[in-house]
Amino acid sequence: MAAGGDAPWRAEPGGLVVSVRLTPKGGRDALDGVETLADGRRVLKARVREAPEDGRANAALLRLVAKACGVAPGRAALTAGASSRLKTLRIEGDPAALAAALASAVPA
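Quick note: the sequence shown uses the numbering used here, first residue 17, plus one each step.
Derived from the structure by calculation, the hints contain no laboratory data.
Some hints could be false.
Said to hold, decoys possible - List of simulated lysine-lysine pairs, BS3-like, C-alpha gap at most 27 Å:
no., residue 1, residue 2
1, K41, K83
2, K61, K83
3, K61, K41
Said to hold, decoys possible - Label pairs and their calculated CB-CB ranges:
no., residue 1, residue 2, range
4, R101, R26, 15 to 23 Å
5, A54, A96, 23 to 31 Å
6, R65, A112, 26 to 34 Å
7, A124, G86, 17 to 25 Å
Ideal Cβ placement from N, Cα and C applies to all residues, glycine included.
Make the full structure from the sequences, and use the hints.
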């Protein structure tokens, strides 16, 4: 997955902002690739085993994306979409290194 303009993430000073479409109770924890929404936005497709109750699915998503980026879960934060399937995450760290790690973790 190229980290160019078609990627569902963008570099910002001190980190990476990632757009995600989450499927809770998805049977396994996994990144399933990139999807283009009807409005043209690109999102990272993710699924987690947890149910969307008491923030458990969001916490599992943060752990999953942090692991894919090679950082501690505490360096990932949910910035938008707490109760929506479409979410925005911020991962703290070197933007280029995070983008490269995420690109290699996402299936083509």
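Hint-by-hint comparison with the structure:
1. K41 / K83: Holds. K41 to K83 sits at ~19 Å (cutoff 27 Å).
2. K61 / K83: holds, 15 Å
3. K61 / K41: Cα-Cα ~14 Å, so holds.
4. R101 / R26: 15 to 23 Å: holds, 20 Å
5. A54 / A96: 23 to 31 Å: violated, 19 Å
6. R65 / A112: 26 to 34 Å: holds, 31 Å
7. A124 / G86: 17 to 25 Å: Between A124 and G86, where Cβ atoms are some 19 Å apart, the hint holds.
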